[in-house]
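Novice: In case you want the letters, here they are:
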Amino acid sequence: MSNIYKKLAVVGEVGSGKTQLIKTISEISPFATEAKSSVDIGKEYTTVGIDYGRLSLSEDIALGLYGLPGQKRFQLLWDMVRNGLWGLLVLTKFNDELNVKSLDNILEHFDPINNQIPLVIGLTHIDTAENDQEIDLFIDIISYALEQHGINAPIVPVDPRDIESSLMILQLLDALEQSSAINMEATQNVV
Amino acid sequence: MKRIACLCTITEPEDHTSHSENVFHIFDSARKFNKEQNIVGTFLVLNNVLLQILEGEPSGLANVVYRVNRDPRISNVAVILNTAIETPSFTRWSIKLLSEQCAAHRTYLQKIHSLINEKSLLKTNEDRIRYNKIFQSILSENIKQNQTPEEDSYTSTSFNNTLLGMSSWPRPTQLRVNAGLMKICPLLIGHTIEYKKLLELELFNSAQELNSYLQQLREAKALTIIQTQDPSNLHSFEAHQNKNQQTPRPGRFSQALKNFISGQGMRASKP
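Going down the list, the sequences are from chains X and C. Under this note's numbering, think of the first position of the first sequence as 102, with each following residue one higher. Under this note's numbering, think of the first position of the second sequence as 464, with each following residue one higher.
Bear in mind the hints are in silico, worked out from the structure with no lab data behind them. Check before you lean on any hint, since a few could be wrong.
Partner residues aside, some chain X positions facing chain C, computed with beta carbon under 8 Å [unchecked claim]:
| # | residue |
| --- | --- |
| 1 | I105 |
| 2 | L158 |
| 3 | V201 |
| 4 | I283 |
Pairs of lysine-lysine, DSS-like flavour, derived with a Cα cap of 25 Å [stated by the list, open to error]:
| # | chain 1 | residue 1 | chain 2 | residue 2 |
| --- | --- | --- | --- | --- |
| 5 | C | K646 | X | K107 |
| 6 | C | K659 | X | K202 |
| 7 | C | K646 | C | K659 |
| 8 | C | K596 | C | K646 |
| 9 | C | K659 | X | K108 |
| 10 | X | K108 | C | K495 |
| 11 | X | K124 | C | K721 |
| 12 | C | K684 | C | K721 |
Positions of the beta carbon are idealized from the N, C-alpha and C atoms, including for glycine.
Same shape as in the complex, but just chain C (with noise of 0.2 Å):
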């Protein structure tokens, strides 16, 4: 059995299909051709670089790599990895459209990284910074995290002098979105705000309730947390609101809505 690495760029497509569809057209013909030849291993696309990591007998990769050189949607197709493997690590074929914000798809990174960097054979420059662009997010989070070790030693009750924020919403896998969570998620997505600030806007009774939430989503991995010993100089929109502002009171339909919805648990909760 052996594991190749093999990237190449993708096309722009010359129709109105649009860079997504593109994607996803390659990777459904894909995922169909190496279910047949018996191939697992993963897609990767970070704008128009594809990585992928096929596992399989040797005549199975080679018709791959034969289909792939031939696909007019790909070019520039080098194979940077291709070794000898006793078991294979995926059990499936699967894809990930990288995002560079996304903890989740950091950590496979992070796996995937570890499986081919040793062994790879980046022969051009080219090659190089394709490889580098996939993995671009990896590479600066450790930068990032031998900078401040510290971040991610936080617990529930040290979000003080914290400013919190989130690039994606957490996936049902990872986490299902509760009532709770659905106050603040929207809060921290695409922003930085300051704990002190979430404080303030009093979204549940208690600072407890809120760590809790809080908690649950550093712990799923969706939460960015960056210390600070004096947020008023960062460039964050909350640390200059009015110390004295509420939250905005929730208008007449918002009010009805929530009303509604707590009447009808009531009553689904009744024997």
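So here's chain X without its partners, still in its complex pose (with noise of 0.2 Å):
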């Protein structure tokens, strides 16, 4: 039986857990890029480069995990693991600056709906909400901009430190990579 390597693109904006969430469903040690950053972003190292992690699911099946910063000057870069993506994670740090124009850059460049690519959008650090109406307000933003790009993604809560949780999210690409199934199949069914 043919190998299968599939690959999952982590795109987020600095601080958003991109490493993290590779340390914590990679089986390797990630190839971290990180630099020490030069202005106060609240952590001592950032990634500058790919974070790459893999994931052996069995002896010939693996997901490959490509953390991308999520500057659109590091495009080149996204260029690179953008062909024949398994699924796209947008990783958005919950605080009160949404970089709006980041998130745009992002799905315009990765066009998850014309490359059929599944796309989630993780919500991290939303522990540090004050409450409900709070973490709304901020969805309500995501949402906004998804909605212009004519996406309807879930948008999902994780913890890149638990493996659960960021098993999670693998498991929410696959249930709406296999429902992109069901739902081509139903269509190709249409008398």
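Reassemble the complex: the two chains are provided individually, in unrelated frames, and hints are given to aid placement.
Specialist: Here it is in structure tokens:
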């Protein structure tokens, strides 16, 4: 039987938890490309290249995990992994300053609708919200940005430090892919 | 203390700024300014129409109206409500970027509509058009509810002869997506599907299990239920499917992933 290798892109802004999520899921020590941050971003190191991790699901089936910085200036890196993606996870850090432009850029570049890439928006640091209203406000803004691209994707909280929470994202991406197969098959059966 | 409602049109940005980014910038500057002025309220946007409901001291509100009138990103400013209040209805400054399909928004809009409807001063035809645009989803929803009052009276066992659908994913503040919901939500979002067809897909071990997840969605107001006596006549692609058709079998990758995740779950549950 032939080997199967799929790719998951994890894209997000500084401090959104990409590197941590890959560390949590990956069976190998990720090839991290972190550098000491030159500005105060609340942590010492930040991703400046691709973080790579791998998850072997069986002897001949594996998932490659590609952590990519969310800034548009790194789109060369986005291009390197864009083709043939199994899934796209956009990590968004809950805080007071959502970068809508950055989300726009990511969606425009990966174009999940036309490229038929299952997309999940993962909300991290949601525990810092004071109440549900704050979370709703943040989701409102993300939903609005998604709607501009004609996208209706799940927006779910994720804790990148927690294996169960991180694997739930993979489960959701798989469910999205499976459902698109069912919907596609159903469409082909329209009389 | 006063409450005012301010209706505006968001102008098209002249640079390469996207509409969503433009809206966000307007909101963000308003948020900071209103915080300084101790003003609470809400900021509602539907396409290029912006409705702000503001509550605070008269001097602070006057500053806001002055500022809004001078904002080049906004045009045709009309104050459509100006009333004295004893206690504020809002506790903070919030934003709602409205979507016509979102059930949660409709509920919110009902509340806002009841706050301003009777006292609103819609002087011009343009104001009425913009106001109706903001509230059109609830106005049409009211009509729909009047026409089909039985739609919301389903119990967990009465999904038979229904078409089911969802317009958007439930929010984490409404309902946390679990493994069961993951199976059905992607099939329902943006589609209508017969309940019978969902059963035939055999996503769950029993009809009761499927019903329990549908019930969760229903309670979170995320599920659209349409009663039908003869679903075969409806223009739903699912209605045309071959009855013998089975759920597509998951590929090797999907199966391996499922096995891996369930294995992880087993390990996690070990003492």
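Novice: Let me make sure I understand: some of the numbered hints might not hold for this structure. Which ones are they, in numerical order?
Specialist: 6, 8, 9, 10 and 12
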